[in-house]
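Asker: Chain by chain, the residues run as shown.
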Amino acid sequence: MLAKRIIPCLDVKDGETVKGTNFVNLRSAGDPVELGKLYSDQGADELAFLDITASHEGRKTFTNMVSRVAATVNIPFTVGGGIGELKDVDRLLNAGADKVSVNSAALRRPELIDEITNHFGSQVCVVAIDARQDESGRWTCYLNGGRIPTDRSLFEWAHEAQERGAGEILFTSMNHDGVKAGFANEALRRLSDELCIPIIASGGAGCMEHFRDTFLLGHSDAALAASVFHFGEIGIPELKHYLKSEGITIRL
Amino acid sequence: MKVAIVKYNAGNIYSVVHSMKRLGVEPVVTDDVPTLRSADRVLFPGQGEARQAIGYLREHGLDEVIRSLTQPVLGICIGQQLMCRHSEEGDTDCLGIFPVDVLKFRPTRHEDKVPHMGWNMINSTAAGNFVDNSFVYFVHSFYVPVCEFTTAVTDYIVPFSAALHRDNFYATQFHPEKSGAVGEEILRKFIENP
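Chains S and E, in that order, give the protein sequences.
Residue numbering for the first sequence is 1 to 252, as defined by this note's numbering.
Residue numbering for the second sequence is 1001 to 1194, as defined by this note's numbering.
In case anyone wonders, no lab produced these hints; they're calculated from the structure.
None of these values were measured; they are calculated from a predicted model.
Note that CB positions come from ideal geometry on N, CA and C, so glycine has one too.
Certain hints may be false.
Computed spacing ranges between beta-carbons, pair by pair [said to hold, decoys possible]:
(1) E:Asp1132 to S:Asn144: 19 to 25 Å
(2) S:Ser136 to E:Glu1059: 54 to 60 Å
(3) E:Ser1038 to S:Lys180: 56 to 62 Å
(4) E:Glu1026 to S:Met1: 36 to 42 Å
(5) S:Asn144 to E:Cys1147: 48 to 54 Å
(6) E:Cys1147 to S:Ser136: 52 to 58 Å
(7) E:Lys1104 to S:Asp193: 22 to 28 Å
So these bits of chain S aren't anywhere near chain E, every CB distance computed over 12 Å [to be verified]:
(8) Asp11
(9) Lys99
(10) Ser136
(11) Arg147
(12) Asp177
(13) Gly178
(14) Glu186
(15) Ser192
(16) Asp193
Required output: the full structure, derived from the provided sequences and hints.
Answerer: So, in structure tokens, the structure goes:
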């Protein structure tokens, strides 16, 4: 059985992790490479690094960081943030990333997905979708980290992304993100049951039961979280033992 | 210890280079025949498409070279598939080191997604030397059926060859360079004592 995956996500600005951490045993809590290595040693199945820098100089710093992660970490990792064209993908894969995640640029110009998958294969292309559910129950996609609404529906866009060759969908529910009350399992289940590519749940992790629920109820293939790991609220070894004890296939 | 990594048109060779460096080995990435022949170990990794990969190897005479190597050789992922007789991917004749044909996964249930991507379990055959039930990292849409040279089996849609061994040729469908401590140990064994 394929194991469900646990993916810590690190936001990186100018080469430093943005959110603070409680890890006292790190020389520099702000070094994404060292934090990534720690998560990997603790049993994370994959890592995600999100570049939230806007400047050109910051991009270069991020690419250098990707090379250092590739040299240090022996599990797969995905990088995202500011990927707008094929040459960004080429640069990051060349630096040693296993996958790239595309978000706003793909929504604005969906052909980007075809270009990436034709050049590098579906397995490198994660399409990240930020969506919000309105009172009527409709899920709408947002651009620029949730700042600009679009007229695209979550499900319609996820299907198109799959048709265009996306290897995975990383769905963040803006309603659930930061609330720590669990993942958007109803929408995740619909995505997972309708699509034939893996679905990564994001937004809403607050306790270990939330991870169990997104695997069992949301049919998610992987779960991504940031602050619960960074602030030490949930330890990855404890989480994985708990999930295994709940009958979920997990790598220990 | 001289480790050579076969340079060809397949992607993601860097992670294998890094995995060697973490083991204290400085590998050379090369398509130079004397360098390949004189290395103590040869790695044949990569991600890519079988037909294009074989085309490139033939054009550069590397198909014959790989087949005739006598030191321990380790094929990884597409490397394992290229070492077989034929691949359904692009209806491609391969190197024929392992007399078995590579097939495409044909899922019958919705939850069996292709590519097979993520962490799955390997179990050693009698001929193998792997730790049972250890998880390793896979990314692939084609597979090598279980055959007399299978040294580890993974069950996904069908039981398939997660690893192969014949004479001086070793191969894994999974990526040991991305398989955490388990993968590092497999690579260490190959380098120190295949």
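Asker: The hint says 52 to 58 Å between Cys1147 (chain E) and Ser136 (chain S); measuring C-beta to C-beta, is that right?
Answerer: holds, 56 Å
Asker: Quick check for students: does the CB of Glu186 (chain S) sit more than 12 Å from each CB in chain E?
Answerer: Check passes; 18 Å lies beyond 12 Å.
Asker: The hint says 36 to 42 Å between Glu1026 (chain E) and Met1 (chain S); measuring C-beta to C-beta, is that right?
Answerer: holds, 38 Å
Asker: Could you say whether the range 48 to 54 Å given as a hint is met by the Cβ separation of Asn144 (chain S) and Cys1147 (chain E)?
Answerer: holds, 52 Å
Asker: Would you check whether the claim that Asp193 (chain S) is not at the interface survives, using Cβ distances to chain E and the 12 Å cut-off?
Answerer: violated, 7 Å
Asker: Given the hint of 56 to 62 Å, is the C-beta distance from Ser1038 (chain E) to Lys180 (chain S) inside that range or not?
Answerer: Roughly 59 Å apart at Cβ, these two residues keep to the hinted range, so it holds.
Asker: Is the Cβ of Lys99 (chain S) more than 12 Å away from each Cβ in chain E?
Answerer: violated, 9 Å
Asker: Is the Cβ of Gly178 (chain S) more than 12 Å away from each Cβ in chain E?
Answerer: The assertion about Gly178 (chain S) holds, with a minimum of 27 Å to chain E.
Asker: Regarding the assertion that Ser136 (chain S) does not contact chain E, is the least Cβ-Cβ distance greater than 12 Å?
Answerer: holds, 29 Å
Asker: Honestly, do Asp1132 (chain E) and Asn144 (chain S) meet the 19 to 25 Å range at C-beta?
Answerer: Hint violated: Cβ distance 48 Å, outside 19 to 25 Å.
Asker: Given the hint of 22 to 28 Å, check if Lys1104 (chain E) and Asp193 (chain S) actually sit that far apart at their C-beta atoms.
Answerer: Cβ of Lys1104 (chain E) to Cβ of Asp193 (chain S): about 24 Å, so the range 22 to 28 Å holds.
Asker: Do the beta carbons of Ser136 (chain S) and Glu1059 (chain E) sit within 54 to 60 Å of each other?
Answerer: Between Ser136 (chain S) and Glu1059 (chain E), where Cβ atoms are some 59 Å apart, the hint holds.
Violation of the numbered hints given earlier is confined to hints 1, 9, 15 and 16; the remaining hints are satisfied by the structure.
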